[in-house]
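*Asks:* Throw the hints in and build the complete structure from the sequences for me.
Numbers in the numbering used here are just positions in the sequence shown, counted from 1, shifted up by 81.
Hints listed in this document are in silico derivations from the structure and should not be mistaken for laboratory results.
Glycine included, C-beta positions come from ideal geometry on N, C-alpha and C.
Hints may be right or wrong, so weigh each one.
What the hints assert, rightly or not - Ranges between beta-carbon positions, derived for each pair:
id: 1; residue 1: Pro123; residue 2: Ala182; range: 37 to 45 Å
id: 2; residue 1: Leu179; residue 2: Arg146; range: 48 to 56 Å
id: 3; residue 1: Ser113; residue 2: Glu90; range: 28 to 36 Å
id: 4; residue 1: Ala109; residue 2: Leu179; range: 35 to 43 Å
Said to hold, decoys possible - The calculated lysine-lysine pairs, modelled on BS3-like cross-linking and capped at a C-alpha distance of 30 Å, are:
id: 5; residue 1: Lys116; residue 2: Lys86
id: 6; residue 1: Lys116; residue 2: Lys136
id: 7; residue 1: Lys86; residue 2: Lys144
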Amino acid sequence: MGDMKRLPESELEIMQIVWRSTPPVSRAVVESELKESHQLAPTTILTLLTRLCDKNFLAIEKKGRTNYYIPLITEREYLASESRNLLDRLYGGSLTTLATALCDS
Numbered sequence: 082m083g084d085m086k087r088l089p090e091s092e093l094e095i096m097q098i099v100w101r102s103t104p105p106v107s108r109a110v111v112e113s114e115l116k117e118s119h120q121l122a123p124t125t126i127l128t129l130l131t132r133l134c135d136k137n138f139l140a141i142e143k144k145g146r147t148n149y150y151i152p153l154i155t156e157r158e159y160l161a162s163e164s165r166n167l168l169d170r171l172y173g174g175s176l177t178t179l180a181t182a183l184c185d186s
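*Replies:* This is the structure:
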C-alpha cells in the first residue's frame with residue numbers, strides 16, 4: 082500500500098469504529114457509535130463512508146437494501162503509514178534524529 086492518504090479526523094473516527102467492530106459493519110452501527118461522541122446527520126455519515134470507499138479504505142457490500150462496510154486497511158497498517166509519514170515530515174526519515182529529539186526532550 083504505497084502512498085496511503087492521511088485521513089481527516091472525522092473519517093479516521095469512522096474507521097476506528099469499523100476497526101473496533103466485527104466486519105461487515107452497517108451504517109446503523111457507525112451511527113449508534115457516533116451518537117456517543119457526535120451528533121452527525123445520517124447524510125453526513127453516509128458521505129464520510131462513501132469518501133472512505135473512494136479512498137480505498139473501505140469496501141462496500143450490499144445485502145438487500147442495506148450497505149455493509151469492510152475495512153481494506155488494518156488499523157495497524159494505517160498507524161504504520163502515519164508513523165512513517167511523521168518521521169519523514171519531521172525528521173527527514175531519520176530514526177537517529179527522532180531518537181535525539183526524544184532524548185533532548
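*Asks:* Mind listing which of the numbered hints don't hold for this structure, in increasing order?
*Replies:* 3
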